[in-house]
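Note that the working numbering has the sequence shown beginning at 1343, numbered continuously upward.
It should be emphasised that the hints constitute simulated quantities derived from the structure, not laboratory data. A few of these clues could be false.
Stated by the list, open to error - Lysine to aspartate or glutamate pairs mimicking EDC-like chemistry, simulated, CA-CA at most 16 Å apart:
id	residue 1	residue 2
1	K1464	E1370
2	K1636	D1656
3	K1635	D1443
4	K1573	E1662
5	K1438	D1396
6	K1479	D1443
On a predicted model such as this, the values are computed, not experimentally measured, just so you know.
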Amino acid sequence: MDYYEKRNQQTTLKIRKLLTELPDFLRELFLGISNTTSPLTRLNYAYDLRVFFDYLSQYELHKPINEITIDDLQYITATQIEYFLDYLNLYEFNGKTYKNDERGKSRKLSCVKTMFKYFYNKERITQNVAAKVSMPKLHEKPILRLENDEVNGVFDLVNEGCVTVKNNENETFTLSKQQEIFREITKIRDFAILTLFLGTGIRISELVGLDINDINLNNNSFTVTRKGGAKVILYFPNEVAVALDDYLTLRKNDNAADVRENALFLSIQHKRISVRAVENLVNKYCRIVSPLKKITPHKLRSTFGTNLYRATKDIYIVAEVLGHKDINTTKKHYAATSEDLRKQAAEMIKIKENE
């Protein structure tokens, strides 16, 4: 069983458990959308609908969640859904306090709209009141990415355990003693992971899911499983090939490694590395080099996308490599191109002519 098949099975079991905590009629919804959505999408739907029906249970219908019926949806108004959006600003669930920004609200409202639309189209309810509720206005976030000197600093930190950050004092930063112990053990693996992110722009889920036989160093290519399960062959530059070759050589000579483990990147416990572990290693190095930016694996993907666009000036090439279905999604990565233009404009202006 490969990584993605195992993940989908685990996700499906989580969905089934969540459905036992939700109104019984929602099983029909999840069956109806099963052929057009991924298990991860449906799991997020289940989490969001759990919040929605918990709100209805407490504040609108005043009955336990498992007693809510589809007929109750008939009496839900658009105003009540708007009250739900306001509730999302600050609410408690299972003893914890949560806050939702505009994107969190938008995602949950989109899920509620999907539910109402589905049951309306199936003629289980007579009106789709959710369609009357406007989506929250989303403000564009600044696109964070690493600049070239920051990328060099990250690699210096991985290889040497210290880095000189260019600031007013050109300070030198080092890892903690504990971090340094782990760096010595994992530096070749970490270097390969960071190089792969910055050299190909793959998603963290794609990186974690890579197996050894997905890599072909003969022609600098590898097979990734995209969202939805489609397999695509991508290519990487020689810098990535060298880093991967070094890591694979180290791994081959690791007597403690389980030869049955087909995953490309392994944890210290010699199991497939987890998403959380990759997030932690990216944060460990990047927060020292760039403390004012919250750099995540997705920001490394944005760094690659920006560099590729600057090199090619072709947004469609970038969309193809990143695996974006919508070109508008790709464009969001390149606010920096506007920044480049603003810098160029500033350099063109001369306040005082040379005498």
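Against the structure, the hints come out as follows:
1. For the given pair, K1464 sits about 10 Å from E1370 by alpha-carbon distance, which is consistent with the 16 Å threshold.
2. Between K1636 and D1656 the CA atoms are separated by roughly 28 Å; this puts the pair beyond 16 Å, and the hint is violated.
3. Of the pairs offered as hints, the one joining K1635 and D1443 is violated, with about 19 Å between alpha carbons and a cut-off of 16 Å exceeded.
4. Simply put, K1573 and E1662 have alpha-carbon atoms about 13 Å apart, close enough for the 16 Å limit, and the pair holds.
5. Our distance criterion of 16 Å between C-alpha atoms is met by K1438 and D1396, whose separation comes to about 14 Å.
6. For a cut-off of 16 Å, the pair hint linking K1479 to D1443 stands: about 11 Å separates their Cα positions.
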